[in-house]
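*Asks:* Model the full assembly from the supplied sequences, consistent with the hints where possible.
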Amino acid sequence: MEQSWTRAKGAFLAVFSPTVLWLFAFFLLPMGIIWAYSFGQNEGLVDIAVTGTLANYARVLQPLYLLIFLKSLWFAFLTTALCLVIGFPVAMAITFASEKTKAWLLVLIMLPFWTNLLIRTYALMAVLRTEGYVNWAYHWLWDETSGLLQMIGQAPLGAFTPLDLLHKNFAVVFGLVYVNLPFMVLPLYAALDRLDRSYLEASLDLGAGHLTTLFRIIVPLALPGIASGVLITFIPALGSYLTPDLLGGPDSQMIASVIERQFKRANDWPFGAALSFMLMYMTFAAVALQAILARRRAEARQ
Amino acid sequence: MSMRIPRTSRRSLLKAMGAAAVGISFGGLEACSPSKPEGGGEEPKLNFYNWDTYIGETTLADFKKATGVDVNMSLFSTNDELFAKLKAGNPGYDVIVPSNEFVTRMSEAGLLMQLDHSKIPNMKNIDPAFLDPDYDKGRKFSMPYTWLVTGIGYRKSKMQGVPDSWKWVFDSAQYKGRIALLSESADLMRLSAKYLGHSVTGIPLEMVKQIEAMLIKQKPNVKAFHEDDGQTLLQNGDVDIVIEYSGDIAQVMKEDNDIGFVVPKEGSLLNSDGLCIPTGAPRPDNAHKFINYILDAQAGAEISKTILYPTPNAAAKALMPDDYKNNPVIFPPADQLANCEYGAFEGAERAKLYEDVITRVRAA
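Quick mapping for you: the protein sequence lines, in order, are chains A and B. Taking the working numbering, the leading residue of the first sequence gets 13, the next gets one more, and so forth. Taking the working numbering, the leading residue of the second sequence gets 958, the next gets one more, and so forth.
Don't read these hints as lab results, they were simulated from the structure. Small disclaimer: the values here were computed from a predicted structure and weren't measured. Hints are supplied without guarantee of correctness; some may be wrong.
What the hints assert, rightly or not - A few chain A residues that don't get close to chain B, going by computed Cβ distances all over 12 Å: (1) Gly165; (2) Ala167; (3) Ile230; (4) Val231.
To be verified - Each computed DSS-like pair below joins lysine-lysine, with the alpha-carbon atoms no more than 30 Å apart: (5) B/Lys1113 with A/Lys276; (6) A/Lys276 with B/Lys1044; (7) A/Lys276 with B/Lys1021; (8) B/Lys1174 with A/Lys180; (9) A/Lys276 with B/Lys1282; (10) B/Lys1042 with B/Lys1309; (11) B/Lys1081 with B/Lys1176; (12) A/Lys180 with B/Lys1282; (13) A/Lys276 with B/Lys1174.
C-beta: ideal position from N, C-alpha, C; glycine also.
*Replies:* What follows is the structure, given as structure tokens:
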């Protein structure tokens, strides 16, 4: 039988207290200071007076910033939905692959993590830009087709116009999906891999088709995996900064860029802090919602 | 068909790296905290906080040879970053290089130490025109390092004539989808005001509204708001016309002769970066020595040779070759500069107002 931690309090404390101290000194304390700033105002150029004012939050609730939040939520939602749609079949494929292939596929999924996010984003820019790899290939195909048409006596294609891919909202969502896909695939794979295969066999034996089995057996059983995949994709996507900044166009402003500019250019730390905490409150709400749903499910099962 | 390998400038890569790695730099200088050796002298070290690609290739080594002082250079990418870092207390820098407006801002905030001119005899090398600027009367806090002008960089083969007006970036659909604007809010407001025939300072509130409406109207024609990497966008063919600083365009013009630079006829914004000593610098004596060394004619010329920015150092300029001295991009002709002026720090409220306007433009 496992020993309860209450019986070994000393050992438990010895192991646990450095973590708690670390968490307190380097995470909770700085966060607390920023949280306090969100109730403050600038005093001169350098100092911030924490006065308990709610003015910063009132400003956050202005339509301008709410619309930016809304846009960020929309981008995050699109990203998560696309990751789920793309990630689920991938996770299924890994689950049902042979042991050897499985290991390789998992390595492939994790490979991008070995490269810095920034490098990956610049690489994506090289792919998408006007004179990038996609347009290079497209141009080549265009010229070849044109040449072929001429050879068989048809009129050639008109002048080549490159695809406009970079510096627009499409590029932002594309980039976010690319960056966040592994976060979706891994929890999905973990959930699907634990799945008892006999359920699937039973379903198929009893006459359900593959699609019915997928949606009535696999998806409900993988629901916890889907929920955690959605959560850890959605939250980073919501607060993403680098991707919209580098890949986006004039219309791609997300909330993290606004926060960055408050801390730097506008030198308005209190307002920046209020915006950051608004984002944090929303994240908490999402986590709480997920916890409540999980509990409901657990209760319903009993 | 040839394919150009897309590349990026070191400055913008560094900038984004900084953004990705915020937090790693915390306390990075702790190890260099002031530990004065006995006898009152300073240890032979110096922490220099500079822009990227903004120092001569051998300058730091030469300085060490001359004085024995070891210079540890770290890099920042925007004035805002510099300000934000020093705002919470000097982490150990001895010499920093803020731009004119920030010299005012930081000195007002008490973040700069007064310079001791008696320790900087090479001040005599500086062009007298730079010795009493409005942003730092009497050069109390800063010594001029470079100056630069904001203008329009463009791809010659894609333009109809020379785009010598701000109209082409702010108020015209002629180059729709091929335009990149600076994302820096204050600069955008100032240049827009210049286009509308106003000075870059004291823009009236009605005009701020007018500018906001103009930029919102122009936005569908704009491809990107760039973070000071306009020269890269231009070079890679992503856009054909950008607002950029003269030196950045001069650097890519060396590699691509289809790129041009013009200071628009309505006039533009001048900037000047200055060498300053932040309050609480652990080694002020070494800092003075270093600033004096950089103002030396030979050392200044060595720096200009690498960075291609115009120098305010008359003695150093005299040592430079003609293709630098007579380069119209580095030193735009006097008639183009006649309408140009320095921006001024107009208080925190203004900075906030401009930031809000640009946030609204970007969200519209």
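*Asks:* Of all the hints numbered above, which does this structure not satisfy? Sort the numbers upward.
*Replies:* Violated hints (numbers, rising): 5, 7, 9, 11 and 12; every other hint is consistent with the structure.
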